[in-house]
Amino acid sequence: MSDIFIRIVLAQAPRIIGFLDRTPESETYGCFERYYWHYKLIDFPNARFQEGALLLALLFKSKAEENLFYQNENIHDWCIAAIKFWARARNRNGSVNEVYPFENSFCATAMSALAISQALPLLEKKDLIDLRKTGEWLAKNDNLEVSNQQAAAAAALLNIYFLSGEARFLEAAEQKLSVLLKCQEKSGFFPEYGGFDIGYQSLTLSLLTKYYKRKASDTLLNSIREGIHFILSYLNDKGHYDPAITSRKTQFLYTYAFSVFDKNALQKAVRGLEANAILNPSWLDDRYVIPLTIDYLESYLEEKK
Amino acid sequence: MRMNTIGLLSLRLFNITFGRLSFCTKILRVILVKILIKNKQEKYVACAKYFDWQDLKRKP
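Just so you know, the sequences run in chain order S and F.
Heads up, the first sequence is in the numbering used here, so the first residue is 1 and it goes up one at a time.
Heads up, the second sequence is in the numbering used here, so the first residue is 1 and it goes up one at a time.
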């Protein structure tokens, strides 16, 4: 069942590695934003591209047939460079920017900090950069209208707690998680700008699954299961749903939560991918291909266990 | 030479003022080609620096 995921991931990996400045002598060595380091069309790098560091770390660690990136020293070095570039690109307060300089983007800070904090232990480089400033910023800020970002912030804070050993980050993570779970509607969806959105719901559940994997609780488990149940009520047999009726009109489907908790839902997504009936990373533009490719790789690794 | 905020603002200001005149925009193009391509040791090519499987080999 998981072959489709690794096939898609390995097809996208060369594309994503192509985004990266791989010249060690370059000032922007480790930057994944081609519009900044190569085309020179913009005046700052979008920090979300640095989530590619997690893809490199997972490829480096994943022993899979045809994974030519496994244990490759260059992949390791590029991953380190990408993490260091992310750390340098941060604002003084620890946040990062996605759309304009000094934006202090909650979304980009939460998502990229989660990816970086997950990549560090995979490379056994826990002390490579200091994430505490970013953790402090995430702890102080929220975006309750957008559940997926809250889930990412909670998971990032939890990772920062495990990296730093400082209990204040665990408290902040638990606080964020508790507020988010209270926002879940009785029908099982997490609000995205006031309504439900299947694509973002699947992303939120993937992020909450990451949290659960590191700190399990019955409350979180029930919440994830209710969330998956909600998605299933909209998916057809090929994992397709009508985005027109959702709040954000997203078309993607993150599958990591399905791979851990619901094989029926995963099977639907697999059928859709095999029939080329649902959106996959190759259909996405550069801006969004990285996180979905990571999710597929994590789905594959979970399935392989 | 990377783009910076002052450079970007200056370029846009030029684009929407003098740059509306085709003569001026042609001059800008000539200058950019000279700076980015002709005078560079490593010439700028937009469709370059993608991944190549050879990149995985360790360089000495």
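Do not rely on the hints blindly, as some may be mistaken.
Stated by the list, open to error - Here chain S is said to cover these stretches of chain F; the calculated rule only asks that three of the stretch's residues, wherever they fall, bring their Cβ under 8 Å from a Cβ of chain S:
id : segment
1  : 22 to 35
2  : 49 to 56
What the hints assert, rightly or not - Quick list of in silico lysine-lysine cross-link-like pairs, DSSO-like style, CA-CA up to 30 Å:
id : chain 1 : residue 1 : chain 2 : residue 2
3  : S       : 61        : F       : 43
4  : F       : 40        : S       : 213
5  : S       : 186       : S       : 213
6  : S       : 40        : F       : 40
7  : S       : 84        : F       : 40
8  : F       : 59        : S       : 84
9  : S       : 84        : F       : 49
10 : F       : 59        : S       : 40
11 : F       : 34        : S       : 63
12 : S       : 61        : F       : 26
13 : S       : 63        : F       : 57
14 : S       : 84        : F       : 43
15 : S       : 84        : F       : 57
16 : F       : 59        : S       : 304
17 : F       : 59        : S       : 63
18 : S       : 40        : F       : 38
19 : F       : 34        : S       : 40
20 : S       : 186       : F       : 57
21 : F       : 34        : S       : 304
22 : S       : 125       : F       : 43
23 : F       : 57        : S       : 238
24 : F       : 38        : S       : 125
25 : F       : 57        : F       : 34
26 : S       : 61        : F       : 49
27 : S       : 215       : S       : 84
28 : S       : 126       : F       : 57
29 : F       : 43        : S       : 126
30 : F       : 34        : S       : 125
To be verified - Quick look at which bits of chain S chain F covers, simulated, 3 or more residues with Cβ under 8 Å:
id : segment
31 : 37 to 48
32 : 70 to 77
33 : 243 to 252
By construction, these hints were calculated from the structure, which means they are not laboratory data.
Since the model is a prediction, treat every value here as computed from it, not as a measurement.
Every residue, glycine too, gets a C-beta built ideally from N, C-alpha and C.
Hint check results:
no.	hint	verdict
1	22 to 35	violated (count 0)
2	49 to 56	holds (count 6)
3	S:61 - F:43	violated, 36 Å
4	F:40 - S:213	violated, 51 Å
5	S:186 - S:213	holds, 24 Å
6	S:40 - F:40	holds, 15 Å
7	S:84 - F:40	holds, 28 Å
8	F:59 - S:84	holds, 21 Å
9	S:84 - F:49	holds, 21 Å
10	F:59 - S:40	holds, 27 Å
11	F:34 - S:63	violated, 48 Å
12	S:61 - F:26	violated, 51 Å
13	S:63 - F:57	holds, 18 Å
14	S:84 - F:43	holds, 27 Å
15	S:84 - F:57	holds, 22 Å
16	F:59 - S:304	violated, 33 Å
17	F:59 - S:63	holds, 23 Å
18	S:40 - F:38	holds, 17 Å
19	F:34 - S:40	holds, 15 Å
20	S:186 - F:57	violated, 54 Å
21	F:34 - S:304	violated, 54 Å
22	S:125 - F:43	violated, 36 Å
23	F:57 - S:238	violated, 40 Å
24	F:38 - S:125	violated, 42 Å
25	F:57 - F:34	violated, 34 Å
26	S:61 - F:49	holds, 25 Å
27	S:215 - S:84	holds, 27 Å
28	S:126 - F:57	holds, 26 Å
29	F:43 - S:126	violated, 38 Å
30	F:34 - S:125	violated, 44 Å
31	37 to 48	holds (count 8)
32	70 to 77	holds (count 4)
33	243 to 252	violated (count 0)
Hints 1, 3, 4, 11, 12, 16, 20, 21, 22, 23, 24, 25, 29, 30 and 33, counting from the list given before, are not met by this structure.
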